[in-house]
Structure formats: structure tokens, C-alpha cells
Amino acid sequence: MLYREAGQFKTSYAADQAVFPIRQDRFLIAAALLIAYVAVPLLGNEYWLLTIMIPFLVFALAALGLNLLTGYAGQVSLGTGGFMAVGAFATYKLATGFPGLNIVAVFLIAGVITALVGLLFGFPSLRIKGFYLAVATLASQFFLIWMFNKFPWFTNYSSSGVISAPQRAVLGHFYVTGAEANPVDKYLFVLSFVAVLAFAAKNLVRGRIGRSWMAIRDMDIAAEIIGIHPLKTKLLAFAVSSFYCGIAGAMWAFIYTGGVEPLAFDIDRSFQILFMIIIGGLGSILGSFLGAGFIVLLPIFLDNTPRLVGLEIPVNTVTNLQSMIFGALIVFFLIVEPRGLARLWQIGKEKLRLWPFPY
Amino acid sequence: MGTLAERRIGPPLLKAEQISLAFGGVRALSDVSLEIREHEILAIIGPNGAGKTSMLNVINGFYHPQRGTITFKGETRRRMRPHQAAETGIARTFQNVALFRGMTTLDNVMTGRLLRMRRNFLWQALHWGPALKEELEHRSFVERIIDFLEIQAIRKVPVGQLPYGLQKRVELGRALAMEPTLLLLDEPMAGMNVEEKEDMSRFILDVNDEFGTTIALIEHDMSVVMDLSDRVVVLDYGRKIADGPPDSVRRNQDVIDAYLGVSHD
Amino acid sequence: MEFLDAVFVTPFASMWDNPEFLLEVLIGGLLTGVMYSLVALGFVLIYKASGVFNFAQGTMVLFAALTFVGMLEKGMPVWAAFLVAATVMTAMAFAIEWVVLRPLVNQEQIILFMATIGLTFFLDGFGQLVWGGDVHPLDIGIPKDPLIIGGVLVNEFDLVAAAVCGSLVAALAVFFQKTAVGRALRAVADDHQAALSVGIPLKTIWVIVWAVAGVVGLVAGILWGSNLGVQFSIALVALKALPVLILGGFTSVPGAIVGGLIVGAGEKVAEVFWGPATGGAIEDWFAYGLALVFLLFRPQGLFGERIIERV
Amino acid sequence: MAVAETERKARPAVRRTALDTIPKLLLDNAARRGRRPAMREKDLGIWQSWSWAEAARQVQDFANGLAALGFRRGDKLGIIGDNRPRLYWAITAAQCLGGVPVPVYQDAVAAEMEFVLEHAEVRFVVAEDQEQVDKLLAVRERLPRLEAIIYDDARGLRHYAYPFLHAYERVQQQGRDFARLNPDFLHGEIAQGRGADLAVILYTSGTTGQPKGVMLTFDNVIIMARRAAEREGLDETEEVLAYLPIAWAGDHIFSYAQSYCTGFCVSCPESGATVMADLREIGPTYFFAPPRIYETILTRVMIRMEDAGWAKRRMFHHFMALARRVGGPILDRAPVSFWDRLLYAVGAALIYGPLKNALGFSRIRIAYTAGEAIGPDLFSFYRSLGINIKQLYAMTEASILCVQPDGQVKPDTVGTPLADVEIRIAENSEVVYRSPGVFAGYYKSPQATAETKQPDGWVHSGDAGFFGDDGHLRIIDRAKDVGKLRNGTLFAPKFLENKLKFFPYIKEAVAFGADRPFAACFINIDADAVGNWAERNGVTYGSYLELAGLDAVYDLVQECVETVNRDLAAEPHLAGSQIHRFLILHKELDADDGELTRTRKVRRRYIGERYQSLVDALYGEARTARIASEVTFEDGRKGTIRAELAIRDVKIAASVAPLRRAG
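Chains as they are written, first to last, in the working numbering: chain A, 1 to 359; chain B, 1 to 265; chain C, 1 to 311; chain D, 1 to 663.
Rather than coming from a laboratory, the hints here were simulated on the basis of the structure. One or more hints might be untrue.
Claimed, not checked - One-sided and incomplete, this derived list gives chain A residues near chain B with beta-carbon spacing under 8 angstroms:
| no. | residue |
| --- | --- |
| 1 | LEU204 |
| 2 | ARG208 |
| 3 | ASP218 |
| 4 | MET219 |
| 5 | ILE226 |
Every residue, glycine too, gets a C-beta built ideally from N, C-alpha and C.
Excised from the complex, chain A in its bound form (with noise of 0.2 angstroms):
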């Protein structure tokens, strides 16, 4: 009904490749990007800055690196939990160890980092497919989150083994991470980063690496057949899928809490992770922040469901319902649409499109 495309016709193929076609489209983008620059610092406190849209942001970011691994080269992994923890990790003695480095540098080393041992857990996937690729990402996961908790090095010989972010700052006198930091700063902060490496990952999988990762993902012969190197690109997809997931675990850890232990990466993260992927939808963009906005949201909106209609529940028992619900959504909406929210925006958008023809 919105959509009006008569009259948008392409005369070259940059035109008919541009990464959104459709002029409402566009307008649509850049209305969300206004929201989130605009709107959102102006209009939101502090309690919304910090407890969702920097979470939802964050997660979003890790969503979108398992996205790439899961959605895109199809390897599936629940080892998400322990690469973010490199990211924290590498950002933390990075940050501690090279005071002078420019906060911006160290996110991104840490994810070159995280990166690399990213590509190092990729290995297996040369031999192994499926559920037994699935099983052998816990091997990382476990492994490096026992590694951060068993080698105080880690964290600095910190006798609580929880690392603290110093104070940083970007341009000058914004600061983003520490107890001096402001929440609009760090909220920007966050969103300009994950907006870039969004844009980026939109570029990657649209291109020739996109398309050997979903070649592979499709079918994994005809992708030899044509040319594709199947180790060089899963291990690719590995390592790019872990620098965006490391890049999120140390926002998670430096601009999200101030404070992690290696705990706060365990397995029921990367479980988290995987669900906002399969919730918002595999191999979509769009998807990684749906799922990420979902995943964020529902807790809290179960949390405060019970205390709106006045009832007084013991917290125990939130716990254990929401625990229920939880699960019993992910069956509902698996049931419902298989291929998560973004597939649920893409036919309404079809709808609209086609308004108001059936077909």
C-alpha cells in the first residue's frame, strides 16, 4: 500500500544492485537512522539508554557475527559466548597495557584478535558438518572461558577475577567507557559502531564472499565445483563472524556493564545469541536486529506484564514462567515462521507491495 514503485525503473546496475532499490525503502532507512541519532538521545533517559537500547545494540552486533557464520556459510556454532569473551578479554589487557591507544583502535584490534582465534576454532569445520560442527564449537567455548578463569593473567592477577573498564574517551573529552561516562556518549558511541559494521556486513554478504559463504551453506559440492575453496571460506566466515561477535563482547563488557567476569560468556550466552538469530531470521541482516530487539525486550516486558495487572508474583516463580514462556515461544514461533521475524517483515513488506492484489 505505501510501497508506489511505478516509475522507479533502473538504468544501470549499481542502480539495480543498491542495497535498497526501492525508494520508500530508503526513506524508511534513513527515518530509522534519524530515530536512532535524534530521537532517541533526545527523548530517552537514562534507564532506556543503558538498559535496553545499548544491550539491544550489543547484541545486535553478536547476532549479526553469528548471522554471517550460521545464516550466511551455514556452519553452525554455539561457541559465540566464548569468542565474545576474547573480545572482552583482548580489550581489556589491550586498554590496560597500551594506555595511550585510542579507544576506537583497541575495539578493533581486540576483534582482529578474537578474529583470529576464531579462525583457529574454524578448523574442524573442514572435516565435520552439522550438528557435529555444532558440538565441536563448544570445545571453544568451554575451553576459552576456562582458560580466562584458570590464568589470572587474563585478567590482570585481579583477585576477583572480574575485569573493570578504564576511563576512555573518543574526540577528545567524550567519554565512552568507565564510571564517568555518559550514557548518550556510550549510547552513540555504540550505535555508530554497530550501524558501520552493519553496512559493512550488508557489503560483505551481497558480494563475491557472500555468495561463496551461501554457496557453501547451499550445497556444498556444486560450490566446489564451481571454484570455491571450501576451507578458505568457511575459515573466512569464521574469522569474519568472530571479530564482529569479539567487537560485541567487548562493548558488552567495556560500555554495556563496566564489569564482566568470564561467567558472564558461559554457553547460555551463545544459546542466547543463536536464538536471536533463529528468531529474527537466518541469513538476514535485518533479522539479526529483530531477533536482537526481541530477545532484549521480551524479559523485560515479562518482568513488568505481572506488576501492570497488579499481580504480586514471588521471583522465583517470574523466573521459572518466564523461563517457560520463553521456551515456549521459540516452538511458537519456529512453528509459525520457521524463518524468523525477518521473514514475517518480508511478506508484509510483499503484501504491501502488492496492495491490493492477492498476488
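Guided by the hints, dock chains B, C and D onto chain A, whose structure is given.
For chains B, C and D alone, coordinates are given in the frame of chain A:
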């Protein structure tokens, strides 16, 4: 039709020498030698289980024969991986369509160009400058193939939604996008109706004609084989029993026996 | 240098010095491995018959144990509690088939896998909502005294557990080989289409297999709970059972048993002899490392069938 | 050519630089709006575009190439194929050299093609692809003058080793080489062109006899294209989709001449099968189609809406009903209540806008229909959506004659004459006209020319019509079919029949009245529509014969006929030919029985003879008539149907002063 210019068939492009292949105790190929000459259309026929597909799999590196060598473009080898075969200029299609079901027709054909795309990771992430230029150049090339195979209307349709005949055409498109010197087609017309078969035959001839591509194909439909191919190789129980022009092969007693003795679909 | 010494010299030296101790560790490990085997067995049964990678197996073990112990706490005799718990697990199998599997039939494996994770969350919440989240001590009268057999210290309980597991596996083997239902199950595992074409109702098979997996889980839960009390951590045993699957192969019953024993023994030995060098707790990941190394040489697992790719 | 020769000498020197030929317009466009798009074609997945400067280059290269091949002034260039930029450029290229393009219908069979090419003495042909080349090769032996065939699409032609076959690109390459040696040649040729020169020969696909070649001069084409463009305020920003045959006069004016005159861009669809999708992508601002295309689109809309969900369907029908009531008046800027305007705006957001978008009509400023009468329902459907669809009157022999001005659009007129167009109604009601667009003559047919075109420039259209008091021309029939009632009143049978046929219940109608005291008619009901109606109203019937004889059905039809009578009463010229009596035929008129032509046109005379007894009954006193007629069944067997048919008298409406009907 006008006067069809003589197709120039050149020297051997590929030589398979004394190939033997076995799985466990089962012999798939025994001492098979064959040649594929430049610019020709070679048909490999034989009853079911004769080892035809195994032969293609050996040529493009899926199977590694226990004995024998393959010489392609003058280079002799014993082992190689399929992606290396692709790099040397061998493309193929499969008996059961092996497309990337999650992608559109356009993207599927574009994957055929992956080998020729060079821009590195960082350019790709920016999707700008050289990467964009490269992408658009290949798109332009791929569009010519889409035009050639007359699949414009399904350009942006996910291939999973296409009827079988069209999927086969898209798969041919993907192979063509690789600009192969040697094209291996495993039953390109299996499961097609008469009209689709005619279309496909025309495309195969046109490919051979317009691009000079050497083609080796496996086909069951005898009339198609007789019409299309310059030369026919007959396999039976993993052995080569005949090799020659279609007419002489048709009169070959061994071939007749092989076909009479075994019922094939 | 010191580290290398601790990794490559000291452990072997201490093994050599005290072979009885090594044997004790080994046997202790093997007996723990039996537990892993039981959980892995549940996985394999379901995977074979329905192609579902059932992540909820660990939670099913917990849930079964909770039900059992809850019945005991209500004053039921052991046999009655067992029957009730087994019935509950069977009912759950029906419910799962009806609510989860049937609507998702023909979906990709990854989707079904995700659904079982959802199931995990649901059962976790449900079980603790009904039975509470505390540790429930469980004592069904299995003796726990240490025995010295041939100079080696063995726990009586472990022997009983091994015996129970052994009989369960034997019973299952008979069930699969000798009964009509068992044969049908094997047919389904081999080829869904073929099984359907000879008139075996797939849905019935699924219910049976999930129920059997539930009962196997119940046995595992009772044994584990008798040892450590019934508590949430039982669900985590499932995570230990996963490397067992890699080792043994997803579709192999003997693989699950042998794999469980290897993992159990391996990680105990590693923990005892290499733990000190690395700060301990390597049990957390050792099994995975072992499985991974193993995979590099045999991607299809110990007893898995070799995958020949047909093109 | 004789015309052009004599007039050239008389031309004053000052007009030498005037933009009086298409090639001069091309150069002018290239200079003035060189970077604006001139042509687009959906090819290889995108709309390949050529600016005016690029188009000029393409044309010049090809023109030079033709010259290099030996194409000379006065030579004819055959053009065969779908709407392709290269074919349009070939037309211009021929005109640059003082040659004459002869577009040929691309779906013509080889024999038809042979006739035109033979008759036009074509030396060179530009053919689109292998299909057209094969057709040409089939008849080449009988075309001794044909020297060269140039093809656009090389697919499949690689091995056609004929020396006279040339690839389009190669000709252009030769052209570039030629231009290097003769840099001033082409501009000299273009400068020699005059407005009175022959611009094109368009062969009419004559329904009877052989096609006739209509010779049009540049003046004919350009002046009329300009007049029409001025009337509508067309400019270079229009978007047009060229999808009708190049050989058709309509396409030549709307997609070719007007583009050169105003500088707008013409887009060519990817193929015949993708026209609708391409239409949607381009979203033209200016659109031309015969009624049957509008009808096809409407049918598709309705069918697709039937498959929509219940709520959506309700909403659609609700808002379409609103649109029928107020959409037309809003488009015509007539007074409409604020509330209705508000509702219409809601409808526009929910239904009309998206619907137009889905059809590709979002941006249409002007849509034309011509060629035959358009049903009032069809017409008002589009207008009620806010699409400014208008009728016009045009002939191959004269380009455009009349267009409906904005705000004065009615389904039954063809509008008012353009500037410089004079129209007279002859004694026998025939429309006769004179205008700058009037053709030079039929090629090599002085006799046919003389029959149509008088020495003083007046041309017989062959159509019967009259002017209403509003100054709009109404076309009622072919002139030869129009007769008079016994009292001298004008009687236009096809006009009556068309009016009747616009009702969904009436499938065919046969009107009688020439030299009779009054008009009367046979009606053929539409079995589907009436059957549907019967079902909804609980009327039961067993067979077509029974259905056709039902009183209720007679009532239904009578209402239709009376409506027609009321319409007629509003037209002073036709008020006298109101229908007095009718009967419903017992069987469907059938081409197998010779009652219809194969193109489903009523053979009025034959039917009159065959059902003589029924005609007599209509003009008698009886209330019923008996008939026994032979029919051919589906399986070819013959049989006889006997029936007694009722005859109804119809109320005659009082003739009133012509008022604009509402809606």
C-alpha cells in the same frame, strides 16, 4: 537454416588414460581411456550403472581413481580437488540439479563468476570502488548469459521456486558463467518434456557454436545423442565398449547387445 | 620449562609410580562414563528414529528425576514412584510429538534442533516451578560403601550403577532385535520413506522412541541423583554427553556406550594427572578436545557410517 | 514523390534552417538537450538508456553505413521487428539520407511481407532477428530489388553465410569509416531535406483487398504531432512506453514523431511477454492503447481482486462504488461535496493509488484510446480512478484529427478538432476533413488516392458521424453502413448495436431499420452474465433457449433497450432512430453458421435474410414469432431448433434538449 559452417574439431583437449576406480570392492571403472577433443560434443552413453557419472566425477576431481591419469590442456595429474578443476577451466552440471536453493537465479549464475572476482575483503566490505566496479562488470557478463538462455523473467526468483526444467537451465547458466573450456553435462535433459528437451538441445548446440566450448555429456535419450554429438563413447559395466561417430556406434554389435541385455529407463 | 615438565613428564611419571592409583582413577572414570553413556543413549535413540538432535535430553533427565524424587517425597514406594515417573515421561513424549514434532515435520534439522532448545527452557522452568529449585536428596537404598577389589579401591554404588546400565542396554538390545516395534524402529532409522511405504506409522514410532528415551533418562536421573542429589546441574550432564556423541557417532548405540566410557575415563585421568599443571577443572572441556582431535581422523565418529557423497 | 518535387521548388529560402524534418529535429535535440534521455530499452536486466546526443550518434553511424552500402535518396528501407531502439534509429537514418522508411508489421507472414516489400520497391531491410530474417529468406527469390538485409540481434545468425546479410553494428562501423572519408556528407544530406519530402510509407492492414501504402510527408507528421502536443502541453519530461507495432500509424506519431518534436524519452519493453511488468517499471506519464488493452487490464484487475480476502474485497468494491459516483467529477474539477472528496481521498490512499501503482498508471497525465468505440463502463472505470483517459480520432491518412479537451471528456465522443483541422459532415453523414496532416497519397495507387482525397485536399474518412451541440465529433458507424429510416431519419445500426452491447447482459445485437418505418433489433443474451443474474435472483431455467425466453429476462433486456433509447433521445440527430421493438434470439449467433465473421463481427445482411420471418414479425403486429432454424452443433452435426419468440414493444423516450448526463 543457412549453411552451417563446419565446426572445427581440434586436437585432444583432455585425455583420460587407463582409469580404474573402485569403491570398497565394487569396480566402477575398469581401465577406461578416452579423449575429448577441442570444440567437439562428446556423448557418453551406456546402461544404468555403466560408470558414466563416475567418469565425469573422475574428470572433475570428485573421485580419485586408483589407477590412471588425466591429461588436461597438456598437464597430467593424478589427484586434484574439484575447485582446482574449476580453476583449470572445467565446469559441470549435475544429474540432480545442484543449485544454491536459497539464492535467486541471478545470484546462482553470479556464483559462476566467483573465481574471476579478485577484489579483497576490505573492498568487499565497502562494496565500493574496485569491488563495485568488478561486481558490475561481472553482472553485465552474467546478464548476457541470462539473455542467451532466455531466463530473464526469472532473474530475481529464488531458484527453489522454479520448475525443474528451468532449474536445469539455470544450472547450465552457472556453468557457462565460468567460461569453461570443457563443459561436463550429466544428463542435461533428464526429466524434461519434449519441448524443454528441444530448447536444451538448442542451447547446447549454441554454446558449442557461439563460445567454442568443448562439451562432454551423458544422455539417455538416443535421438538427442544422435542429433547433438560429434562422437559417442559407450560404457558398460565400467568398461569402454565403443567409441566413434554416432552412426557407427549405433551399428556396433557390442552396443546393441549391451542395450538389449539391460533394460534402461 | 616448568610447565612443559608438568605437562609432559610429571603425569606419566606418577602413573608409572602408582599403577594401582591409575587403575582406580580409570575405573572411577569408566563408571562415570556409564552415566554419560546413558544420556548419550537417549540422544542416539531419538536421532536415529526421528533425525532430531534432542538438546532437551539433559533436561528430560532432570525432569524425570525431579518427578521421581517428588513422588518419593510424597511418600510413595520406589516402584510406584518409578511407574509414575515413567508414565509422566511417556505422556510427555505424546505431548512433544503432538505440540512440537508434528507441526515441524519436514522442517530442516536445525529448526528441529532449535525447537528442542526451546523445549529445554520450557521443561527447566516447568520442572522447577512444580518441584522447586532446591537440591532433593535421593536415597533408594543403593549401598555406597567403598570396596577393595584386588588392591583397587572401588565404590559399591558405581558397580551397581554399571550393572543397572548394563541390564538396561541389554534390555534395549532385545527390544530392538526381537520385537516388532523394535524392528520398525530400525526400519525408520534406516529410511523414513521405506518405513512409511511398508505401513509403519511414523508418528507412533516417534512417540515410542521419545518415551523410551524418557525412561532411559529416568534411569540415568535416578542413578545420578542418588549420588549427588537431584538438582539443576543434572541437566548439564547433557553437555558432557555431546562429545560422547561425536566420538561414538550420532546414530550408533554401541558408539554411545563406548564413547561414554572413553570420555569418562579420559577426562578423569586427565583431570587427576594433568589438572595440577593447568590449574584444574580441565574436565570442563577435555572431553571436547578429545572428541575434536578424534574427529580430525574419523569425521563420522567411532561407529558412524562412512559418508560417501553421491553426486 | 511528385508532390514533394513540385513543392520543393516553391519553398522560400528562409525556411532552409527551419526544423521541418525529423533528422533536423534530431540534430536540434542532440544540441539542445543532448544529455537528456532519448530512448530506453529493457535489455540485460536494466533499462539501457541513450541520451539524445548518443541517439544522434547511433543514427548518424547507421545512416553513414547505409550510405556506404549504397543507399541513396528516394530508396526505401524496410523495417521489420518489435519496438527496438535500433529499428527506430534505422527509420531516422533512412530519413537522414532522403530515403523512405517502410515499417512492416512484425507478425506478418512471409507472403504479406513479400507484398509490401515488393510494392514499396524496398532495396534494404532492417530486420530484428533470426525469425524475421528467415521469413525474408523464404521470399527473397521473389524480391529481386532486395539487396541487403541488416539484422539487429545476431543470435542464431552466425552461420548464415550470405553476402547480403549484414550485422547492424558492422554497418555502423562501416558508417564510421565512411564518415572519416566523407565528414560532411551526412549533414549535407540532412540539410537537403524539406518538410514536404516524403517521410514514411505506412501500409494500412486493409480489411479487404491488398494493403495500401499511405505516404506521409514530414510536414504531415511533424505539424500534427506538434498540434496534439500543444493541445496537451507535452514536454521533454514525458515518459512513454513504445509497445504497439512500429508499422502502425499510432506508434509512429506517439512514440516516434512526438518524441522528436518534444524531446521526451521513449522506452522499449524487453519483450511482448513483459509489457505489463515493463509498463509498471517505467510508469509512463503519457500512454496510448486501443480499448481492448484497457479491457484486458480491467479484467485482470477484477480476476485478481476476486482472489483477495473477504475484507479486502469488500473494501475494494465499496471504494470502487464511491469512485464511480464521484471520481469522474473530481477529475473533471466538477463540484463535489467536501465529505465525498474526503472519502475519495481515503479511497485514493487505500485503493486507487495502490491499484494505479500496481498497473503502472501512477504517473499517467494523459491516456488515449482510439481505433474503436470504448465501453462507457470501461471508460469511466479508469476515469473514476483519476486516470485522465480520453478518446481521440485519428487516421493513418491524416494523423490525429480530434482530441477530447481536458474537462470535456465523454465516453461517446472523439473530441474537438485540433488547430488547423477542418471537419465537415457530408450529405450522407460521412466525416470529411482537411488538415496539414493529410497524406500525400497512396503509394503507386493514383486511383485509390483520387477516390479518397479530392483535389482541393478534402479527404473522405469512410466514417459516419456528426457534431453535437458541444462541438464534439461523434463517430457512429462506417459511412457505408449508415442508412435512413423511411421518414429520412439517420439510422446507424452499428452505433445502436454497440450501445446495446455495452450492457453486460447483451452479447450481440443486430439492428434493423434502413428503409423501414422504425428501428428494431434482435438481441443475443450473454449466457454467463444472464445465467449469473438468474442464479442470484432464484430464477430457474433448463437451457439457453428457455433462459432466452423468460419474461424476467425480457424485462431485463427491455430495461437496457429503454436506457439506450433515453440516451438516443438526448441526441437530436439520433432521437428518431430509437428502438421500437425487439426480440431475444433463441440461439447464440455463431461464426460456424455464418452469422458472424471470423473476427466476430455481425453479418447484418445475412442475418436479415436468414431470419426473414422474424424481421417481418418485428415490423408486423404480432406479439410472437415462430422460427425453425438449422444449427451446427459443437461436434459438427446439424440440427433444427424450433421456437416461439416473444416480441416486446419498447417505450420511446421523448426527445429532449441535449443535456450533459450526470456521471
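Structure-based check of each hint:
1. LEU204: holds, 6 angstroms
2. ARG208: holds, 4 angstroms
3. ASP218: With Cβ-Cβ at 4 angstroms, under 8 angstroms, it holds.
4. MET219: Result: holds, 5 angstroms to nearest chain B Cβ.
5. ILE226: Holds - the Cβ of ILE226/A comes within 8 angstroms of chain B, reaching about 6 angstroms at its closest.
In the structure shown, no violation is registered for any of the earlier numbered hints.
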